[in-house]
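First to last, the protein sequences are chains E and U. So for the first sequence, this note's numbering puts the first residue at 1; every next one is plus one. So for the second sequence, this note's numbering puts the first residue at 1001; every next one is plus one.
None of these hints come from the bench; they were simulated from the model. Source: prediction; values computed, not measured. Each hint should be verified, as a subset may be incorrect.
What the hints assert, rightly or not - Cut-off 25 Å, straight-line C-alpha distance, at most; resulting in silico cross-link-like pairs (SDA-like, lysine to any residue):
(1) E:42 x U:1138
(2) E:148 x U:1053
(3) U:1002 x E:139
There are 2 protein chains.
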Amino acid sequence: MKAGILGYGNLGKGVEAAIARCDDIELKAVYTRRDPSGLKIKTPTALVKSAADLDSGKEDIDVLIICGGSATDLPGMTPKYAELYNVIDSFDTHANIPTHFANVDAASKRGGKVGLISCGWDPGMFSLNRLYATSILPGGSDYTFWGKGVSQGHSDAIRRIEGVKDARQYTIPVEEAVDRVRNGENPELSTREKHTRECFVVAEEGADKAKIEEQIKTMPNYFADYDTTVHFISEEEMKRDHSGLPHGGSVLYSGETGTDGCNHVIEYRLQLDSNPEFTGSVLTAYARAVARLNAEGVTGAKTVFDIAPAYLTPLSGDEIRAHFL
Amino acid sequence: MKAGILGYGNLGKGVEAAIARCDDIELKAVYTRRDPSGLKIKTPTALVKSAADLDSGKEDIDVLIICGGSATDLPGMTPKYAELYNVIDSFDTHANIPTHFANVDAASKRGGKVGLISCGWDPGMFSLNRLYATSILPGGSDYTFWGKGVSQGHSDAIRRIEGVKDARQYTIPVEEAVDRVRNGENPELSTREKHTRECFVVAEEGADKAKIEEQIKTMPNYFADYDTTVHFISEEEMKRDHSGLPHGGSVLYSGETGTDGCNHVIEYRLQLDSNPEFTGSVLTAYARAVARLNAEGVTGAKTVFDIAPAYLTPLSGDEIRAHFL
Chain E
1 MKAGILGYGN LGKGVEAAIA RCDDIELKAV YTRRDPSGLK IKTPTALVKS
51 AADLDSGKED IDVLIICGGS ATDLPGMTPK YAELYNVIDS FDTHANIPTH
101 FANVDAASKR GGKVGLISCG WDPGMFSLNR LYATSILPGG SDYTFWGKGV
151 SQGHSDAIRR IEGVKDARQY TIPVEEAVDR VRNGENPELS TREKHTRECF
201 VVAEEGADKA KIEEQIKTMP NYFADYDTTV HFISEEEMKR DHSGLPHGGS
251 VLYSGETGTD GCNHVIEYRL QLDSNPEFTG SVLTAYARAV ARLNAEGVTG
301 AKTVFDIAPA YLTPLSGDEI RAHFL
Chain U
1001 MKAGILGYGN LGKGVEAAIA RCDDIELKAV YTRRDPSGLK IKTPTALVKS
1051 AADLDSGKED IDVLIICGGS ATDLPGMTPK YAELYNVIDS FDTHANIPTH
1101 FANVDAASKR GGKVGLISCG WDPGMFSLNR LYATSILPGG SDYTFWGKGV
1151 SQGHSDAIRR IEGVKDARQY TIPVEEAVDR VRNGENPELS TREKHTRECF
1201 VVAEEGADKA KIEEQIKTMP NYFADYDTTV HFISEEEMKR DHSGLPHGGS
1251 VLYSGETGTD GCNHVIEYRL QLDSNPEFTG SVLTAYARAV ARLNAEGVTG
1301 AKTVFDIAPA YLTPLSGDEI RAHFL
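Just chain E, same shape as in the assembly (with noise of 0.2 Å):
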């Protein structure tokens, strides 16, 4: 199977990563929208193109891993490769999701390919598990737990405050409302009950922190309605203590049985050192699917709903009764 990657911050790094860890995927190009000549990769097997040469439609590729932003990047750019290409994107913006798909699902129609959208952990497998879980134990509650991890957004957020050189914001949950739900108590949980926020920031010289304290801590949706720490370092320890982008969370589900009131807790929990190369690693198995169910017929836009879990691994029907069920 031959893929592509579009983008190459620190997804399509990730991507590349997961890619060289499977014997069924040759990675063939990394695609740019800067100049070629200045994209160093690390497999050295595979080309820099520039995006550019998508566009004919000619890229001997069998599916296109788009690794670009959800705000501004992947609302036209999966529509259009969707009819050149199959294609995957980690579309994460939730309340678009309905346009996304239809625009997705039109041109990969078009073109008689399918575009999977919306990959990765959450979107991704949180979803799934949100959605096996109810179907098993319909009209129950779920929760869904970030963190702790750091919160790129957030981060952000904090930078383009006046006086702010660089910033790190992490999510955390709070283990007291896990522990809750776990308990099977179906709790009613506030945005502030269910997680904190710590930032750690480094200041420009001669800048006022209080004031930069206070402008995060009142920061509406981003900061305003939690408990937010911040915590002033250096641009050393920046680099030493918070260079990594570890993530995680919990899904948790509770829900009833019988007319005895049996409770069941379903809890699906991820854990990881980095966000970008885990989330790649879900694209890459999600993009063999995708490469599959073209090849057997399937046109159109589909998501982590669609995709029957065998079709994500290299192994036979076979082998995974054998070793997994």
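Given chain E, work out where chain U should sit, using these hints.
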């Protein structure tokens, strides 16, 4: 959708309870190999019929949920009825799955039906999580811990010992081992290091308790390889404290990405007040998928690996994308 249940033991009752919570599934009949006139069921609108009535192939059901035992019932039952109806079972004798799959596949294809085998939580949801994890992070290590929960097989084994009136055996995961896996240590764990076994025994009057305890602890396959604790209790205590059938456990998977040794831990955990009611709920969700797939023209044997999650819910694609993605 119209469903039938074959067999009305703990699992059949669990399926009945699950169907009662599904608006889109109607329980038409419970089929029994005993005298139907002697069987009372909970669903007022469903019939109690003889299993022999199924032989005509004319029963008005879209799927038959077969709730028999793996040792002697299912190897014959499932292939027999797979030719006549869409069927689903919870076959869990691991070594015989290839044969059972082949038998059901041949029968289902002859009859133009779908037959899903080995459904429940292990095999079933745990299997799915092993497959998802290894597909995302190939080459990692998986660990399955069971409990705390009642093992029927082990309880039965104790009951066969002379002088034992009743017995209940709990399988308990060793928390220290679970924590080592959660910490990404990838430990090599012996049988004894993963689980302990706790037994509650009601002895006959005058029985030699020391001898019973010795026989339990040295029983090959069942107890000899484990640290086992035996408590002798009264019949009243057994009834009061050990009448439920709780179970659960975890599938943990630990795998790497990239070249810097980023480690990731995936955990799927179940905590079940009632093993048969939860298993029945999983069977019911997959029964829905079986009937749907056959209505689309699909035939042959399937496992949970072959079922796209969207088939498990009565909700539409638009609804699941809006609520769970």
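To see whether the hints hold, each was checked on the structure:
1. Distance check on the hinted pair: residue 42 (chain E) and residue 1138 (chain U) sit about 20 Å apart at the alpha-carbon level, within 25 Å; holds.
2. With a C-alpha separation of about 57 Å, the suggested pair residue 148 (chain E) and residue 1053 (chain U) falls outside the 25 Å cut-off, and the hint is violated.
3. Between residue 1002 (chain U) and residue 139 (chain E) the CA atoms are separated by roughly 21 Å; this keeps the pair inside 25 Å, and the hint holds.
Hint 2 alone, counting from the list given before, is not met by this structure.
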